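Student: So the sequence lines, in the order shown, correspond to chains F and P.
Note that the numbering used here has the first sequence beginning at 1, numbered continuously upward.
Note that the numbering used here has the second sequence beginning at 1, numbered continuously upward.
It is possible that part of the hints are untrue.
In the EDC-like style, the derived pairs of lysine to aspartate or glutamate whose C-alpha atoms are separated by at most 20 Å in a straight line are [stated by the list, open to error]: (1) F:298 with F:203; (2) P:195 with P:177; (3) F:302 with P:177; (4) P:191 with P:177; (5) P:140 with P:114; (6) P:109 with P:51; (7) F:298 with P:177; (8) P:109 with F:305; (9) F:63 with P:114; (10) P:109 with P:39.
Just so you know, these hints were derived from the structure itself, not from any lab.
Bear in mind the structure is a predicted one, so any value in this text is a computation, not a measurement.
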Amino acid sequence: MTTATPHAQTATRRPGRHRLTRRALPYLLSLPALLVCIGILIPFFTAVYYSMMRFRLNLPMMKGFIWFDNYISFLSDAAFWNTMSISLLYAFVTVTGELILGLGIALLLVRPTRINNAVSIMLLLPLMTAPALAALMWKLMTNPNFGILSYLVGLLGFTDFRWASDPSTALLTVVLVDVWVYTPFIMILLLAGLRSLPKQPFEAAALDGVPRSFVFFRITLPMLMPYIITASLFRLLDSIQQFDIVYSMTQGGPGDTLMVFQVQSYLEFFQYTNVGRSAALLIVLWAITYALSNLFIKHWLKLRERAHGPA
Amino acid sequence: MNQISTLERIIRGVLIALVLVFFLFPIFWILLMSFQNNDQILRIPPSLFFEPTLQNYLALLTGRLETTAGNLDIAFMRNLGNSLLLSTCSVLLSLALGVPAAYAFARYKFRLGENIAFTLLSFRFAPPLLVLLPLSLFFKHLHLTDTYIGLIWVYQLICLPLILWIVRGYFEDISPDIEHAYRISGHGWWKTFRKIAIPLARPGIAAAGLLAFIFAWNNFIFALILASASKQPVTVGALAFVTASGIQYGQIAAAIVLSVTPTLLLALYAQRYLVEGLSLGAVKG
Chain F
1 MTTATPHAQT
11 ATRRPGRHRL
21 TRRALPYLLS
31 LPALLVCIGI
41 LIPFFTAVYY
51 SMMRFRLNLP
61 MMKGFIWFDN
71 YISFLSDAAF
81 WNTMSISLLY
91 AFVTVTGELI
101 LGLGIALLLV
111 RPTRINNAVS
121 IMLLLPLMTA
131 PALAALMWKL
141 MTNPNFGILS
151 YLVGLLGFTD
161 FRWASDPSTA
171 LLTVVLVDVW
181 VYTPFIMILL
191 LAGLRSLPKQ
201 PFEAAALDGV
211 PRSFVFFRIT
221 LPMLMPYIIT
231 ASLFRLLDSI
241 QQFDIVYSMT
251 QGGPGDTLMV
261 FQVQSYLEFF
271 QYTNVGRSAA
281 LLIVLWAITY
291 ALSNLFIKHW
301 LKLRERAHGP
311 A
Chain P
1 MNQISTLERI
11 IRGVLIALVL
21 VFFLFPIFWI
31 LLMSFQNNDQ
41 ILRIPPSLFF
51 EPTLQNYLAL
61 LTGRLETTAG
71 NLDIAFMRNL
81 GNSLLLSTCS
91 VLLSLALGVP
101 AAYAFARYKF
111 RLGENIAFTL
121 LSFRFAPPLL
131 VLLPLSLFFK
141 HLHLTDTYIG
151 LIWVYQLICL
161 PLILWIVRGY
171 FEDISPDIEH
181 AYRISGHGWW
191 KTFRKIAIPL
201 ARPGIAAAGL
211 LAFIFAWNNF
221 IFALILASAS
231 KQPVTVGALA
241 FVTASGIQYG
251 QIAAAIVLSV
261 TPTLLLALYA
271 QRYLVEGLSL
281 GAVKG
């Protein structure tokens, strides 16, 4: 971290006024950004308050403070545990898949040849597609009447493969879209990581004729680990909150197969107008992401330190 | 790593080709669909060869869709305009707010500085609905529901943390010595910031701005909750269009193509900045 103060010289020239401005300057500079965000912090605290209320938009007279009853009711609520398990499963499956695929692609493209660089640029395209629109694209491709993917799996013998509209394959379908959109993100980070690794250990291993698998598991993977952890925590944080893809594709259905946290609380709020319950669900999700993000920030600062030198 | 056998080269080539097919085929296929009429789309087996038609795009451009079941008005061009307006204004506001703050965090160590920076960063990770649902109730009282101003304000949640952290990292990478020298020669703080600091950090600011624009454009959930049809961007508009148009698959494909083209072109145009921004934003800071 740089702590230089460009004011040191002028401050001695005109002490009184300048010392004041100098001390206030950083606050003045960051204040507007902060103010905008404070306006956004207020709803956050309101949400905490709502989560402890009996608050239904359609029954305003029943409104009242009930402490933790919303949370306590979750404990015995099958729908809540369904949401919890499907969210965790979704996050785990997508991140694992993206990590394996992303690492594989990064290893394929690690030599900075022109073709490899061109390929890695082309792979940016899915990442830059809006996830909600990506879901619509895949919805067209998996349409039972004309979808190209339905046709192709039909050729393989799965004539009645119904993708997102079948409870047994719905998760697979949205995971596929998530993998399509976000694998390039992990790939880019790991590619940058791989290319920044020091060359000597690899040269030494090559000279000694060390087998490739040994090099991969004992040198590449451990050295890449900080990048892998940062990238997966980052994706995990996003993935457990997934809304766009699931909502665009199935609205949480069929039935409650894909009722991940944010979709469930969206429906609680707008369909059942149960504000209290919806807010409590989101607070539970927030607690999970808060714990994860602390982990993430810790690892991320370590990486930054490496990149910038110690703070 | 020097001696790569022919066999390995072939395997690598095949694998890379498979990767490209998986990641690019959906975009290619939707593009093809957007030039087909419904009969061509519904044909089995699907074919790569067909007589391309522009009628899908024409229907979207003119805003009128004539079907056998009757006429349908499409406001899709309006959605496209909304996306452009919302993303551009949000990024400009975010740059105005975020670049000075990023400079402050990079150059001065001040009380609460790190706390403020982390508070801003943590917005990136909070579930958006947690803020959006109470906000949707407040906005009714503040008369901000379904206004561009309200949306642009909330879009700061996407753009500001991104710009702040990328630009901050960029400022930290630039040595403050040049600024010192300029200040010693008698120039004020503001002039130093404008004439020295900002031009030096321009690549970082450009990367952050581009990335923020793309993320704002691609956002779905904010507008889904806070905007009605007339203010909706393409992400929400396209979903509404799917529901409204039913089986007009060609137009749906054309609408998707029009919606993703701006970000994809930007991504290709600015790929160097983008990769830098993505890895700076996520790893380097």
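Student: Taken at face value, is the distance from the CA of residue 177 (chain P) to the CA of residue 298 (chain F) at most 20 Å?
Tutor: 30 Å, violated
Student: Mind checking the alpha carbons of residue 195 (chain P) and residue 177 (chain P) for me, to see if they're no more than 20 Å apart?
Tutor: 14 Å, holds
Student: Within 20 Å, alpha carbon to alpha carbon, are residue 109 (chain P) and residue 39 (chain P)?
Tutor: 66 Å, violated
Student: For the pair supplied as a hint, residue 298 (chain F) and residue 203 (chain F), is the alpha-carbon distance within the 20 Å limit?
Tutor: 32 Å, violated
Student: Holds or violated: residue 109 (chain P) and residue 51 (chain P), Cα atoms, limit 20 Å.
Tutor: Violated: residue 109 (chain P) and residue 51 (chain P) sit about 65 Å apart, past 20 Å.
Student: Is residue 109 (chain P) within 20 Å of residue 305 (chain F), Cα to Cα?
Tutor: 17 Å, holds
Student: Can you confirm whether the C-alpha distance between residue 191 (chain P) and residue 177 (chain P) stays at or below 20 Å?
Tutor: 15 Å, holds
Student: Does residue 140 (chain P) pair with residue 114 (chain P) here, judged by a C-alpha cut-off of 20 Å?
Tutor: 34 Å, violated
Student: Is the Cα-Cα distance between residue 63 (chain F) and residue 114 (chain P) 20 Å or less?
Tutor: Violated: residue 63 (chain F) and residue 114 (chain P) sit about 39 Å apart, past 20 Å.
Student: Taking 20 Å as the top limit, are the C-alpha atoms of residue 302 (chain F) and residue 177 (chain P) close enough?
Tutor: Given pair residue 302 (chain F), residue 177 (chain P) is violated - Cα atoms ~26 Å apart, limit 20 Å.
Going through the hint list in order, the structure does not satisfy hints 1, 3, 5, 6, 7, 9, 10.
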